[in-house]
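Residues per chain, in single letters:
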Amino acid sequence: MGIIYVNGRLVRETDEEVAARMLAAAQRGGIEAANPQFDRQRMMGASETKNMKKAGLIGSEPSKRVGATGPSLSLRTGNVVNPPVAEVDKAKAAADAKAKAAADKILKDAQDRALAYAAGTQAIADYKASAEAAKTAAEGRVADVYNPQETNITDERKRQLALLETLIKQGQTDITSAEQDFLKNIKPTSAYSNVPLVNMQAIQNPLLEALRQQGAGEGAVQSQSAMDQSLNNFMNQLQQQSASRYGDVQTNLLESLRNSGIGAASAGRQYLAQRQPEISSGIESAFGKQLSNLATNRANTEGDIMSQYGDALAKIADLQAETTSKYAPPSVAKGPAPAGYHYDAAGKVVANAGSAKAGAGTPTATQQESKPATPAGAGLHWEWNGKNWVAVPNKK
Amino acid sequence: MSMTDAYNQDFGLSEAAQVARRQKRSIANQQAALLGQQRGSRNIADITKAGVQGFNPTVSQYGRRGLAGPNVQSGIARKGLEDYAAGIQARLGTEQMSMQDELNKIAMDESMQQADLEAYLADQRLQKQRDIINAATQLRAFQSY
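As they're listed, the protein sequences go chains A and B.
Residue numbers are given in my numbering: position 264 of the first sequence equals residue 264, and the series is strictly consecutive.
Residue numbers are given in my numbering: position 139 of the second sequence equals residue 139, and the series is strictly consecutive.
If you're looking for bench data, these hints aren't it; they were derived computationally from the structure.
On a predicted model such as this, the values are computed, not experimentally measured, just so you know.
Check the hints yourself; a few may be wrong.
[Stated by the list, open to error] Result set (DMTMM-like, lysine to aspartate or glutamate): computed pairs, CA atoms no more than 20 Å apart in a straight line:
(1) Lys92(A) with Asp109(A)
(2) Lys49(B) with Asp104(A)
(3) Lys92(A) with Asp304(A)
(4) Lys24(B) with Glu82(B)
(5) Lys105(B) with Asp248(A)
(6) Lys135(A) with Asp248(A)
(7) Lys108(A) with Asp126(A)
(8) Lys79(B) with Asp248(A)
(9) Lys187(A) with Glu15(B)
(10) Lys184(A) with Asp10(B)
(11) Lys184(A) with Asp123(B)
(12) Lys184(A) with Asp109(B)
(13) Lys315(A) with Asp304(A)
(14) Lys187(A) with Asp83(B)
(15) Lys90(A) with Asp109(A)
(16) Lys128(A) with Asp248(A)
(17) Lys184(A) with Asp83(B)
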């Protein structure tokens with residue numbers, strides 16, 4: 001539906017008529033000839049043309065269609081043309097245009113802020129994800145380096161303790177075995193027992209009978225024989241006494257050797273019993289020191305990682321603060337919840353339990369904050385995030 | 001093979017050598033005793049024989065001097081014959097004592113050599129035991145702890 005100026009009169013024409021007329025004009029002279037202004041200029045006289053120019057309805061710019069009640073599309077430029085305004089409303093129109101321009105600028109700024117905020121938020125999220133990934137990878141490398149070392153040290157410590165236990169037990173066994181073997185073979189001496197010492201009887205003098213026949217005495221012979229017997233007895237007793245004392249000495253010697261062996265074995269076992277906890281302590285200390293050094297190095301390494309991660313988080317926080325302060329959309333004051341709804345802990349509008357007024361599911365947009373207006377072609381649309389309306393770039 | 005086994009092997013060789021040496025000495029002692037006994041007996045027999053054979057000439061010597069004979073018994077002759085018999089007795093006693101001392105010395109040597117062997121083996125066994133104890137208490141693998 002449209003209105004066209006024909007022969008000094010405003011004539012209403014249907015959409016079909018408009019389309020047919022524009023098609024015919026296009027067939028006559030191309031795009032420029034299809035301009036309705038061409039028909040008007042061709043059909044109007046000089047005075048009428050002057051008045052139309054004075055009224056601003058025709059000229060170098062595309063003329064506004066008189067009587068149009070809504071925006072239309074310029075066939076020449078393709079721009080949207082606002083509906084015509086009356087002469088008396090020019091000032092208001094100018095003010096409206098100025099206000100619109102200001103509103104457009106505000107909207108453009110808001111769009112730029114929203115875009116910048118979204119881009120900044122995305123960059124921050126990417127940065128944080130990258131920092132997290134780097135931290136995880138570094139922690140993995142640290143684990144790869146230090147976990148096997150910790151395992152090796154712990155295993156070696158256990159092996160050393162087990163070896164110590166084995167050697168101590170083997171040592172105790174060997175000592176006891178050696179002691180038993182020694183004592184078994186050190187028997188009481190019999191070297192000086194029953195020494196076959198000879199104590200000969202004095203030899204009977206073969207001349208005694210002959211002496212008697214010659215009337216000679218036997219006194220000197222008997223005296224000599226008695227003295228010899230006495231010496232024999234003395235020597236025999238002396239040698240028996242010596243053998244007995246040698247036997248005592250030998251017995252004492254062997255007994256002292258037995259005692260020495262028993263003492264040595266006891267000392268050896270006691271030494272092992274004392275050394276075991278000492279060596280165990282030494283092993284624990286040595287490997288504990290190794291583990292401690294390893295843990296210190298690991299802690300330093302992990303500290304470096306966390307320091308770098310902390311720096312990244314601090315930078316992220318700075319970026320977040322800067323992005324929020326510069327580009328975050330202004331917060332919208334939360335009004336009272338619609339009837340039958342309430343705000344949950346997260347600030348989301350949810351239906352009251354058992355409320356007849358509340359519909360099922362999420363409240364409609366009319367129950368939320370009123371959505372801000374967005375002109376067409378801005379590349380943005382508004383989405384309700386549960387708290388606020390947020391400008392979101394359109395998906396291409 | 002434990003440490004004691006190793007030491008037993010080494011000690012066994014040493015002990016066997018010492019026992020063998022001791023047995024040889026014991027045999028030598030027995031031979032020495034036998035020879036000493038034979039020598040002493042022969043000497044005694046010789047002294048006895050010489051004494052018996054010399055008695056009648058001594059009596060005859062006193063008879064030529066008129067100091068002895070039928071119905072004659074002088075004090076000098078009786079004293080001389082008694083001294084002669086006592087001298088023979090002294091020689092027999094000396095020889096007998098010498099033989100007895102030699103035999104008893106061999107017996108004592110035998111006992112002392114046996115005692116020395118026992119003492120030596122006991123020392124060796126004690127040393128073996130000490131070596132085992134020292135080895136057991138060295139704990140070389142843990143010297144750094």
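Consistency of the hints with the structure:
no.	hint	in the structure
1	Lys92(A) with Asp109(A)	violated (25 Å)
2	Lys49(B) with Asp104(A)	violated (170 Å)
3	Lys92(A) with Asp304(A)	violated (67 Å)
4	Lys24(B) with Glu82(B)	violated (48 Å)
5	Lys105(B) with Asp248(A)	holds (19 Å)
6	Lys135(A) with Asp248(A)	violated (86 Å)
7	Lys108(A) with Asp126(A)	violated (26 Å)
8	Lys79(B) with Asp248(A)	violated (51 Å)
9	Lys187(A) with Glu15(B)	holds (15 Å)
10	Lys184(A) with Asp10(B)	holds (18 Å)
11	Lys184(A) with Asp123(B)	holds (14 Å)
12	Lys184(A) with Asp109(B)	violated (26 Å)
13	Lys315(A) with Asp304(A)	holds (16 Å)
14	Lys187(A) with Asp83(B)	violated (55 Å)
15	Lys90(A) with Asp109(A)	violated (28 Å)
16	Lys128(A) with Asp248(A)	violated (96 Å)
17	Lys184(A) with Asp83(B)	violated (62 Å)
This entry does not satisfy hints 1, 2, 3, 4, 6, 7, 8, 12, 14, 15, 16 and 17, going by the numbered hints stated previously.
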